[in-house]
Amino acid sequence: MDRILFGDNQFFGVNHASEDKARAQAMRFQDIEAVIGVLRDAYAEGIKTFMCTTHERMSGVCDYFRDNADKYPDYNFYPCMPYAHKYANAAAELGILGAVRSFLPDNNPLGALVKGGLSLARKDVEGLAKMLIDAEMKMFAGLKTPVVFLQNVATDFLLGLGFDEAFRIFADHIKDQYNAEPAFITMNAPRLYATLTKLGIKNPIICANINKVGFRMCGGIDAYAELLNNGDCRMVAMSIFASGALHPKEAIEWLTQYPKLRSVVFGASSRRNIAETKSLIDSLMPEAVAG
Amino acid sequence: MFKVGIVGLGKMGLSHQSMVNAHPDLDLVAVCDTSTYVLDVLSKYTGVKTYTDHNVMLEKEQLDCLFVATPTRYHSQIVGAALERNLHVFCEKPFALNPEMAYKLAELAESKGLVNQVGYHYRFVGAFNEAKRLLDQQIIGDLHHVRAEAYGPVVLRPKGSTWRSQSAEGGGCLFDYSCHAIDLVNYLVGCPLSVSGSVLNRIFSTDVDDEIYSTFQFSPKLFGQLATNWSDESFRKMSVKISLWGSNGRINVDRQEVQIYLRSNKGLEPGLLTGWNVRNTTELTRPVWFYVRGEEYSAQIDHFAQCMKHRTPTASTFRTAAETSLVAAMIRADAGKARTSVDPASVGTTSPGAEQRDSSRFGIRSIFGRR
Numbered sequence: 063m064d065r066i067l068f069g070d071n072q073f074f075g076v077n078h079a080s081e082d083k084a085r086a087q088a089m090r091f092q093d094i095e096a097v098i099g100v101l102r103d104a105y106a107e108g109i110k111t112f113m114c115t116t117h118e119r120m121s122g123v124c125d126y127f128r129d130n131a132d133k134y135p136d137y138n139f140y141p142c143m144p145y146a147h148k149y150a151n152a153a154a155e156l157g158i159l160g161a162v163r164s165f166l167p168d169n170n171p172l173g174a175l176v177k178g179g180l181s182l183a184r185k186d187v188e189g190l191a192k193m194l195i196d197a198e199m200k201m202f203a204g205l206k207t208p209v210v211f212l213q214n215v216a217t218d219f220l221l222g223l224g225f226d227e228a229f230r231i232f233a234d235h236i237k238d239q240y241n242a243e244p245a246f247i248t249m250n251a252p253r254l255y256a257t258l259t260k261l262g263i264k265n266p267i268i269c270a271n272i273n274k275v276g277f278r279m280c281g282g283i284d285a286y287a288e289l290l291n292n293g294d295c296r297m298v299a300m301s302i303f304a305s306g307a308l309h310p311k312e313a314i315e316w317l318t319q320y321p322k323l324r325s326v327v328f329g330a331s332s333r334r335n336i337a338e339t340k341s342l343i344d345s346l347m348p349e350a351v352a353g
Numbered sequence: 162m163f164k165v166g167i168v169g170l171g172k173m174g175l176s177h178q179s180m181v182n183a184h185p186d187l188d189l190v191a192v193c194d195t196s197t198y199v200l201d202v203l204s205k206y207t208g209v210k211t212y213t214d215h216n217v218m219l220e221k222e223q224l225d226c227l228f229v230a231t232p233t234r235y236h237s238q239i240v241g242a243a244l245e246r247n248l249h250v251f252c253e254k255p256f257a258l259n260p261e262m263a264y265k266l267a268e269l270a271e272s273k274g275l276v277n278q279v280g281y282h283y284r285f286v287g288a289f290n291e292a293k294r295l296l297d298q299q300i301i302g303d304l305h306h307v308r309a310e311a312y313g314p315v316v317l318r319p320k321g322s323t324w325r326s327q328s329a330e331g332g333g334c335l336f337d338y339s340c341h342a343i344d345l346v347n348y349l350v351g352c353p354l355s356v357s358g359s360v361l362n363r364i365f366s367t368d369v370d371d372e373i374y375s376t377f378q379f380s381p382k383l384f385g386q387l388a389t390n391w392s393d394e395s396f397r398k399m400s401v402k403i404s405l406w407g408s409n410g411r412i413n414v415d416r417q418e419v420q421i422y423l424r425s426n427k428g429l430e431p432g433l434l435t436g437w438n439v440r441n442t443t444e445l446t447r448p449v450w451f452y453v454r455g456e457e458y459s460a461q462i463d464h465f466a467q468c469m470k471h472r473t474p475t476a477s478t479f480r481t482a483a484e485t486s487l488v489a490a491m492i493r494a495d496a497g498k499a500r501t502s503v504d505p506a507s508v509g510t511t512s513p514g515a516e517q518r519d520s521s522r523f524g525i526r527s528i529f530g531r532r
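Each protein sequence line maps, in turn, to chains P and W.
Taking this note's numbering, the leading residue of the first sequence gets 63, the next gets one more, and so forth.
Taking this note's numbering, the leading residue of the second sequence gets 162, the next gets one more, and so forth.
None of these hints come from the bench; they were simulated from the model.
Here the structure is a predicted model, which means the values were calculated and not measured.
Keep in mind that the hints are not guaranteed to be accurate.
What the hints assert, rightly or not - Computed beta-carbon distance windows for the label pairs:
| hint | chain 1 | residue 1 | chain 2 | residue 2 | range |
| --- | --- | --- | --- | --- | --- |
| 1 | W | L354 | P | T259 | 57 to 63 Å |
| 2 | P | E338 | W | R234 | 54 to 60 Å |
| 3 | W | G436 | P | P348 | 56 to 62 Å |
| 4 | P | P348 | W | L434 | 38 to 44 Å |
| 5 | P | S332 | W | G436 | 48 to 54 Å |
| 6 | W | Q299 | P | E338 | 42 to 48 Å |
| 7 | W | L434 | P | D284 | 31 to 37 Å |
| 8 | P | S345 | W | L434 | 32 to 38 Å |
| 9 | W | Q223 | P | D226 | 23 to 29 Å |
The C-beta atom is built at its ideal place from N, Cα and C for all residues, glycine as well.
Use the sequences and the hints to build the structure in full.
Given below as structure tokens:
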């Protein structure tokens with residue numbers, strides 16, 4: 063995993079601090095060319111991994127990097143699935159089952175069975191999950207996807223339910239089908255780590271909010287410190303600026319107390335901001351200490 | 162530990178299940194839904210006990226409380242059955258559609274001393290609570306106008322097969338979206354005394370409303386406007402915004418931030434300046450024990466658990482939800498009335514006057530005689 067990963071919230075009008083800023087970003091990145099322009103800037107600054115939601119808009123970005131593979135031979139996508147609002151909106155309109163059905167391929171025999179209302183036996187849930195994962199992965203065909211994340215809404219929903227087997231199904235399918243490392247985004251890292259350990263998923267990649275003010279670090283900042291210092295896991299820090307509450311230098315200096323922290327993901331819209339944040343990380347926390 | 166049952170496993174029921182199951186003071190015992198498909202999967206993979214009939218579940222399980230997240234039409238019947246068995250109840254919004262029934266259930270819960278809460282989760286958003294705190298100390302002086310807006314992407318095509326698209330089931334933007342905005346207005350400002358100029362308009366739906374507009378009156382000098390539309394996909398998800406104007410400035414508040422403009426701070430609130438001030442979610446949000454989809458969803462469940470523990474009233478009771486249902490019913494009744502049209506030839510020669518204005522408003526008394 064690279065030290066610095068590029069995030070995508072800014073491209074979708076996701077801003078946890080302001081609805082107005084979110085809308086301004088949605089307008090600015092209306093044209094997928096604007097998104098690609100920022101990714102080119104990030105690449106020019108040396109950021110070669112894009113941690114990217116499986117939103118349908120991203121297929122334009124995938125097309126660009128496929129068509130220009132010679133210019134970006136070392137470019138990685140870390141898909142983050144599923145794009146939860148797609149499912150949530152469909153569930154509100156079609157019901158839970160209707161939503162699942164609407165995302166299954168029509169030509170698949172299992173899809174047809176589920177659409178026919180077949181009650182699910184154990185094997186069928188696994189098959190269903192695999193089909194949904196494959197549907198989300200489709201747009202990345204031909205691109206390098208060495209790490210695939212389960213989005214936090216899905217991870218945390220399943221974690222709360224105690225639907226632990228889902229993590230194993232996801233991990234196995236990502237390894238077997240895509241020869242990639244399964245990874246998990248969560249707002250509840252200490253609890254997730256305990257569950258993954260119980261399942262025997264070793265040295266997992268866990269991406270979570272890690273910031274000086276403890277914003278969305280459920281379980282408490284001390285439990286996160288324990289995980290960062292002594293956990294048998296590879297931690298990726300997101301929301302390091304706590305939605306703009308922290309000054310970049312202050313935020314990154316605070317992270318240096320965790321030498322085993324593997325990677326940092328951040329999003330930015332201007333080349334200047336990308337360059338500033340990258341150079342702060344490069345100078346203050348050049349590489350992780352092997353755990 | 163409080164033993165919990167959940168009825169209705171749609172989007173909200175499942176989300177409650179996840180958070181209840183992760184709560185240290187709550188013990189999820191059983192769930193109930195009509196879909197055996199969902200029940201089979203949950204039973205197999207999470208080990209929870211499942212039922213297809215809530216009466217059987219209530220009969221067989223020794224529960225302390227019940228979460229009700231069925232389509233709205235079934236709320237009052239299930240809530241009533243739970244209260245009769247002396248269970249504390251958390252019911253999804255918009256509680257009972259019929260305000261009279263909503264008040265009856267509130268009285269029943271209160272008379273039995275049972276903890277009762279309705280899932281108006283915006284009451285648990287840090288920014289709205291900060292706005293309430295500032296309003297309670299009259300930071301922007303005497304209020305004269307409040308505007309409540311809710312927009313989002315629910316119905317975007319002339320199609321739809323769930324209960325949300327059927328008026329008899331309690332569907333429609335009025336009950337799904339407007340109720341959140343109304344409830345927040347009630348929470349921040351109080352219940353309007355009358356509504357007028359109400360519009361329930363259809364954009365895509367055939368059986369229910371997709372957008373709602375209404376004018377509220379709270380007092381002789383305080384008016385409000387409601388604008389809600391669930392067919393607006395320019396919003397990524399539901400967005401609720403309340404704007405308030407007072408003699409000393411204004412407040413705009415949404416889930417992300419509180420914007421405060423003060424004509425003068427007058428030493429009321431340290432840290433606020435004359436002119437614009439912004440406080441955002443990072444500083445206003447309190448940590449929760451478990452996060453799935455927004456702190457407020459976790460916080461409202463923890464609040465319910467704490468209220469059961471300490472036997473205290475909740476911040477979103479059956480009674481406040483009944484008031485919200487009442488305002489929704491007033492809007493519906495007002496929208497059904499004939500509209501006043503003005504003959505262009507008569508403009509300037511007669512004045513509509515106060516008499517006509519009064520008769521065109523829909524007040525609490527006209528809906529609900531005994532209040």
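Structure-based check of all given hints:
In this structure the supplied range 57 to 63 Å holds for L354/W paired with T259/P, their Cβ-Cβ distance being about 59 Å. The beta-carbon spacing between E338/P and R234/W, approximately 56 Å, falls within the hinted interval of 54 to 60 Å. Between G436/W and P348/P, the C-beta spacing of about 44 Å breaks the proposed range 56 to 62 Å. Roughly 41 Å separates the CB atoms of P348/P and L434/W, a value that falls within the hinted 38 to 44 Å.
Distance hint check for S332/P and G436/W: the Cβ-Cβ separation is about 28 Å, which falls outside the suggested range of 48 to 54 Å. At roughly 43 Å, the beta-carbon separation of Q299/W and E338/P lies within the given 42 to 48 Å, and the hint holds. Checked against the hint of 31 to 37 Å, the pair L434/W and D284/P passes, with Cβ atoms roughly 36 Å apart. Separation of S345/P from L434/W is about 36 Å and conforms to the stated range, judged on CB atoms against 32 to 38 Å.
Restraint check, Q223/W to D226/P: a C-beta distance of roughly 27 Å satisfies the suggested window 23 to 29 Å.
Hints 3, 5 from the earlier list are contradicted by this structure; the remaining hints agree with it.
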